[in-house]
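Protein chains: 2
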Amino acid sequence: MAGPAVVDRAAEAAAGAARAFGESSAASRAELLEGIAAGLEAERAALVATAMAETNLPEARLQGEIDRTAYQLRAFARLVRSGRHVRAIVEHPDPDYPLGEAPDLRLMLHPVGPVAVFAASNFPFAFSVAGGDTAAALAAGCPVVLKAHPAHPELSRATAAIVHRAAAEAGAPEGVFALIEGQSEGVALVEHPAMRAAAFTGSLQGGRALFDIAARRASPIPFYGELGSVNPVFVTAEAARDRVDEIARGFVGSLALGTGQFCTKPGIVFAPAGTGFADRAAAAIDAVAPGRMLSERILEGYLERGDVFSGVAGVEVVRPGTESDGAVTPALFRTDAATFLAHSERLSEERFGPSGLVVEYDDETQLAPLASGIAASLTWTVHATAPGDGGLDTILAEGRERSGRIIFNGWPTGVTVSPAMMHGGPYPATTASLHTSVGTTAIGRFLRPVSYQGFPDELLPPELAEANPLAVPRETDLSRESR
Amino acid sequence: MAGPAVVDRAAEAAAGAARAFGESSAASRAELLEGIAAGLEAERAALVATAMAETNLPEARLQGEIDRTAYQLRAFARLVRSGRHVRAIVEHPDPDYPLGEAPDLRLMLHPVGPVAVFAASNFPFAFSVAGGDTAAALAAGCPVVLKAHPAHPELSRATAAIVHRAAAEAGAPEGVFALIEGQSEGVALVEHPAMRAAAFTGSLQGGRALFDIAARRASPIPFYGELGSVNPVFVTAEAARDRVDEIARGFVGSLALGTGQFCTKPGIVFAPAGTGFADRAAAAIDAVAPGRMLSERILEGYLERGDVFSGVAGVEVVRPGTESDGAVTPALFRTDAATFLAHSERLSEERFGPSGLVVEYDDETQLAPLASGIAASLTWTVHATAPGDGGLDTILAEGRERSGRIIFNGWPTGVTVSPAMMHGGPYPATTASLHTSVGTTAIGRFLRPVSYQGFPDELLPPELAEANPLAVPRETDLSRESR
Chain A
68 MAGPAVVDRA AEAAAGAARA FGESSAASRA ELLEGIAAGL EAERAALVAT
118 AMAETNLPEA RLQGEIDRTA YQLRAFARLV RSGRHVRAIV EHPDPDYPLG
168 EAPDLRLMLH PVGPVAVFAA SNFPFAFSVA GGDTAAALAA GCPVVLKAHP
218 AHPELSRATA AIVHRAAAEA GAPEGVFALI EGQSEGVALV EHPAMRAAAF
268 TGSLQGGRAL FDIAARRASP IPFYGELGSV NPVFVTAEAA RDRVDEIARG
318 FVGSLALGTG QFCTKPGIVF APAGTGFADR AAAAIDAVAP GRMLSERILE
368 GYLERGDVFS GVAGVEVVRP GTESDGAVTP ALFRTDAATF LAHSERLSEE
418 RFGPSGLVVE YDDETQLAPL ASGIAASLTW TVHATAPGDG GLDTILAEGR
468 ERSGRIIFNG WPTGVTVSPA MMHGGPYPAT TASLHTSVGT TAIGRFLRPV
518 SYQGFPDELL PPELAEANPL AVPRETDLSR ESR
Chain B
68 MAGPAVVDRA AEAAAGAARA FGESSAASRA ELLEGIAAGL EAERAALVAT
118 AMAETNLPEA RLQGEIDRTA YQLRAFARLV RSGRHVRAIV EHPDPDYPLG
168 EAPDLRLMLH PVGPVAVFAA SNFPFAFSVA GGDTAAALAA GCPVVLKAHP
218 AHPELSRATA AIVHRAAAEA GAPEGVFALI EGQSEGVALV EHPAMRAAAF
268 TGSLQGGRAL FDIAARRASP IPFYGELGSV NPVFVTAEAA RDRVDEIARG
318 FVGSLALGTG QFCTKPGIVF APAGTGFADR AAAAIDAVAP GRMLSERILE
368 GYLERGDVFS GVAGVEVVRP GTESDGAVTP ALFRTDAATF LAHSERLSEE
418 RFGPSGLVVE YDDETQLAPL ASGIAASLTW TVHATAPGDG GLDTILAEGR
468 ERSGRIIFNG WPTGVTVSPA MMHGGPYPAT TASLHTSVGT TAIGRFLRPV
518 SYQGFPDELL PPELAEANPL AVPRETDLSR ESR
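Residue numbers (this note's numbering), protein chains in the order written: chain A, 68 to 550; chain B, 68 to 550.
So that you can see chain A by itself, here it is in the shape it has in the complex (with noise of 0.2 Å):
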């Protein structure tokens, strides 16, 4: 029983602070992320330590994570001081309405209550704690009850205590952060009826099993998980002329990159077969030196999963992959076009770790059906030469059905904190596709509009009053626009 009462703590914490967190100025609120991006540079040397002895991951990696994480925080302390987050419109009282009187109608965002919040593995701090997430849901006002994970619990706690700090400088109600620990008390927690909102990034059957109890609720919360994704490229016959060895090495530096450990690693490449496109890639693989694996579970479940691949009739394998005290090598798959038609939904699943599929094509008419085969991904990359090289229009019509980011001539990893930004994707990239979860616009998930109708100036929030007292952007009578 020690697990929920602590969830019920939390949970009922978040929600007495509701109200309070989410009326609270933006400048506060601003103040209160700002707080959090300081904190962590304070304390880089000590989390940064901290973070290489749970996780496996190079100092250079963590020094950069930090970065990412603070300039993520600041990024969204800005978008609230500018009160573009809100989305108001505006629309003044319509004698010209068709349809009889239309009232003055005043429209923003408010937050949705309190979220809770499942840090990843492999971004200890940029999708942890004080990740992505946390920093979109304080912006847009609402607590956030975090759910550690397991990987690095003692760099969790380090940062949790950064952010109660950050809090309680900025004058932000207790209740507004909490940290809570163990699967159990993260089941507790999506059931929890003071919960308004999940986001979770980690693994298909983990973040299935949290939508489908998210989805069972009395009353249901809207469950945003980030879960598996083979993120495939395509290569064109035209590209793989011009420059199939530098594709074939940045295929290879992309999928090795953080020893395969990002959401986006290229998991499949389709190229043109007798290009020598494997072979190069296997020479490139031996040039890469071991990696350690963020933990000793996710390496088992890595090694375990060698066989999804290898099982199948058809594939090659071309590096196995080699494992020595815990670090890994990548390992390279083949296979034709045909074999990958019979088997695609298992050859689509994603291998967390530094582990790719090549799937060579005979010719252009295969790329429709290979393309439509493969599952919904977060990235959809392709290397090509010029508008008219074969299949291209395919691809990338299939890329905007099934990708929330198609990349040209590059490559996957690397992900921008920018608000053109879409780190999403169809089911089963996401559980919720109209979002992203990295950049600024990752805050519209923790929003909902609320319309105010006929209101006197001096009740409604600042944002709509007349006036405009804090500036905000906002559109205008945009019904009566070419009527």
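Think of the hints as simulated: they come from the structure by calculation, not from any bench. Cβ atoms here follow ideal geometry from the backbone N, Cα and C, with glycine treated the same way. One thing to keep in mind: the hints can contain errors.
[As the list claims (entries may be wrong)] With beta-carbon atoms standing in for the labels, derived distance ranges:
#1 SER286(B) - GLU525(A): 46 to 54 Å
#2 GLU525(A) - GLU236(B): 48 to 56 Å
#3 ALA113(B) - PRO165(A): 20 to 28 Å
Use these hints to put chain B onto chain A, whose structure you have.
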């Protein structure tokens, strides 16, 4: 097997049309919407006659509803012509991005794919075959498979014929629209793998069942259900002192409008005790002419649900409502704050039809528990004199958290079709509280973001091309702002 085969055909045809329709020009989609509007107006007399025979609704109401439906279609046509709905964001390569190179990133919204729309009984035009959900989905570029409501089958078929004709004239692809009928067919539609989203207006029970089906799919889809709503009204002591009679009459007018068959019918009013509110409302009810319900089945459901209120000890029947030859007069019940709080869940359930409950409170300290005890709703109405009225702050704060639209000194019926409208709210009002189903922003349910990274200009959609040839509104280089 007849049912599912029809559904399969319609869903597969929609899937087959999705890409061509999604990539069709905004202008051609606007023409389709305008063609449907013109078709409705051209066949107005015949449509109204069919609707009168099937729905018991009076001619003037149906004429007005055609006006509204045509207005909605044209409002969406204007929106897609403007290009505002794609919410284009352009971020040029950023040399000053502090986390390394920021590539060229451009984001816009694309259609989600085939949409299942469930027509409602109570708006045979505006929330039916060519109603708001259909207009929003077609405007977004999504094919629609429409499940007709059994209360007006002939009208549904006649309207579908108009949509088919307009689609052919606008050159839309085959399969862009289909009408299906039958309850099991509706279930099969939500289960069909080709469908990418569903929109529904109807009962809590039916909507929740379909929501559960949508969530249980192998590949879950968003289910935008507008379910039950009790639409509370709060009268401050000051307002009652000034104009209790006017408010009581207004309440009955809104309650009885359309024989109480609106989603936004005010079902509960919290009025100060000792002001004679219930007696004045009863007097107003005595002047209301009997009205016919939409169908025999809806009438039966309405009469059965009378027990929900009268069966609770402490609830007084002020007016039982009469039924004669299928026509009903409004029913009115009265109770006190303690009784309401003890039975708030039962008394917060919507009773679809002209039935209302007056909850008399003794002083403003009771308003907080009353307001937080009532189920979340589409609307939240307050009658007050001034910002200082007792309990007003609490009522408004609860309304922000527990409804989608707050009306000040007005009534919730009569929903304006406006970009600032929010017709939605937390569960059980809807299953997706981040979205409206009325007004042009309803298009957001059927669009998802796609990001283009490092694209050559000639391969970008025109909305994102550097020269902006369609002159769509765009946000550009936001991330530089006040860095």
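Now for the hints, and whether the structure bears them out:
1. About 49 Å separates the C-beta atoms of SER286(B) and GLU525(A), a value consistent with the hinted range of 46 to 54 Å.
2. For GLU525(A) and GLU236(B), the Cβ-Cβ distance of about 51 Å falls inside the hinted range of 48 to 56 Å, so the restraint holds.
3. Between ALA113(B) and PRO165(A) the CB atoms are about 22 Å apart, so this pair conforms to the stated range of 20 to 28 Å.
In this structure, every one of the numbered hints holds.
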